[in-house]
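J.: Protein sequences, first through last, are from chains A and B. Heads up: the first sequence is residues 1 to 232, going by the working numbering. Heads up: the second sequence is residues 233 to 433, going by the working numbering.
No wet-lab data here; the hints were simulated from the structure. This structure is a prediction, so every number in the text was calculated from the model and none was measured. The reader is advised that the hints may include incorrect statements.
[Unchecked claim] Derived coverage of chain A by chain B (criterion: at least 3 residues anywhere in the stretch with Cβ under 8 Å from a Cβ of chain B; other residues may be distant): (1) 137-144; (2) 147-160; (3) 172-182; (4) 191-200.
[To be verified] Listing some non-contacts, in silico: residues in chain B with all C-beta distances to chain A over 10 Å: (5) A244; (6) V275; (7) G331; (8) A339; (9) R342; (10) G344; (11) S358; (12) I360; (13) Y376; (14) Y379; (15) E385; (16) G387; (17) V389; (18) G423.
Idealized CB from N, CA, C, for every residue including glycine.
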Amino acid sequence: MERTWRAWAIGPYGYLVFFAWAIVLAALTDGPCLVVVLLVALCFWRVAGGRWQELGRTQLWFLLTSPVVLSSILIGEKDIVLGRMAVSSAGFWIGLWMALRMIVVVMAVGVLTQAVSIATLARLFEGWGLGGLGFALGLSVNLLPTMRRTVEDTWSALRLRGGLRQERWRALRLFLVTVTVNALRHGDMVVEAAESRGFSATPRQGKTIGWQSGDLALTCVLAVASAMLFAA
Amino acid sequence: MKFTLRHLVYIAVFGALWGAIEMTLGAYLHVLLPPGASYLPLVGTAITALGLAVALVGRRFVPQAGSIFMIGVVAALLKLLSVGGVKLGPLLGILIESGLAEVVLLAAGRAGRFSLALAGALAVASAIPQQFLFASLFLGRNLYQTYQGMIKEGGGVFALEARYALVILGLLLLIDLALGGLAGALAWEVGRIAQVRLARE
Chain A
1 MERTWRAWAI GPYGYLVFFA WAIVLAALTD GPCLVVVLLV ALCFWRVAGG RWQELGRTQL
61 WFLLTSPVVL SSILIGEKDI VLGRMAVSSA GFWIGLWMAL RMIVVVMAVG VLTQAVSIAT
121 LARLFEGWGL GGLGFALGLS VNLLPTMRRT VEDTWSALRL RGGLRQERWR ALRLFLVTVT
181 VNALRHGDMV VEAAESRGFS ATPRQGKTIG WQSGDLALTC VLAVASAMLF AA
Chain B
233 MKFTLRHLVY IAVFGALWGA IEMTLGAYLH VLLPPGASYL PLVGTAITAL GLAVALVGRR
293 FVPQAGSIFM IGVVAALLKL LSVGGVKLGP LLGILIESGL AEVVLLAAGR AGRFSLALAG
353 ALAVASAIPQ QFLFASLFLG RNLYQTYQGM IKEGGGVFAL EARYALVILG LLLLIDLALG
413 GLAGALAWEV GRIAQVRLAR E
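One chain only, chain B, in its complex shape:
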């Protein structure tokens, strides 16, 4: 991964933007909202999608392999300075999401509207398997306990009983995919407009 000076500065700019979103919005919402608030999982997903949209816009300005992952590394390290305290979960989450988006774009070959939307969708949807991974790694919970917690939380969001577990899981996954896909599409559009506007100057 060899970047020019301009690319490195852009990586720092987009990393700082993602970091600022996570540090301010993310940390305050997780500190201030009461634990167990039924809308909390959706708020977290929306913040992840917004941060990822910033990183995907960055890919348009640093069209090189590894740029999204570098932006993610910068944002994750900035997250260490967050007012919400040090939490390894969100930090690793940023790294996994940026890594996944990077892999999708590498496989797609070109950062078009569809590939950005796909990268966003898969990266945001990775939050669900991440919950299982982090709950077993950091909280010592087994897969079933995590599954039960997720169903309970999701049930609260959609006002559904636990017996509709598969529907709840499906809806959570669908929302993650939709928000991630929207973030990717938004990133493509924002990047295009910003490029045109900057070229005019």
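Okay, chain A solo, but in the shape it has when bound:
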């Protein structure tokens, strides 16, 4: 019995297909269809090992509620009065669909990162002749906060020295040069760290990752679900 279940287990391709499905459907649907996509994503995320505690983070809820609040205030004609404030129902719905899309993306990313390691992702890309893309992508996700801090620090330094008041072209050039140099310095440190751990960019000789029965079954189920959603 256990053997039968193992034969139908979902592999990296299945998780990638689910990721792509969730992202594309989140982008193309809204209204009840988007709610269905969200429910499917929620079920899959839970099955893939997602924990409810992860959804309780304040940061995540701030990120999710801000489009609803902002678009209710900023977008469309204000037709509802809440206490002393007038808000727009059209803006509310736009913000709500935006927030639901974000939850679907968070779930899809969560499923992919829990189920597929960076090493497996790198091997998958190598199999498609895009050696290194998986590594670059995984690294860029880790680098994002550092890059953001570099940009903010440089901008603050430039502003505090009055660099933006005159010679704006020179200021923009200085800003880009400083950001580039600092980013590359950080990149060099990453290279040294990776080399000292024996990481190599050349493709590894190993078993290639293939499609499993579970991946094919999941792809068929998702294709049927998409067809039903678009037909509805």
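With chain A held as given, fit chain B onto it using these hints.
T.: Coordinates of chain B only, in the frame set by chain A:
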């Protein structure tokens, strides 16, 4: 496309920088600015040009075919995590712009000041045909409806009436080409100065 470890790290660095620009500036401006704001098309073009400038600087540090497209792929995938939600248009836009810049540089053979400026100009100017493509693909609009929308938007930017449609289109194209060209020239200069500064260390 075979890259060394250092090249892959640099691709990740420049992809993350472009992604950070798109995710923060791009997403916030598109969420926070009221729809129909007359300066919105120009703001979008400026953000595209800035992101592309970062990718073109990257070409100087990863002087290999396919590097700009790889940087674009990384930035586009990071764009998926944007606070503005998932939008296929900007994502495909990044891929098309980086692909176009890559093709121009491959044809030019060498990443000089002129070829970088040309690559930037053509990549940013591709935003206009992209609008027609995405409006028909994702919004179900026909070419004429998209054209009318573009003229109305452009007319708002330049304070011109719709009867000057060709002038509006020409000005939009000119601004895209100029901003893209400036981005390319800036990238060449920034790359050169950064290389000198790093070599001194």
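J.: Against which earlier hints does the structure fall short, listed by number upward?
T.: Going through the list in order, the structure violates hints 5 and 18 and respects the others.
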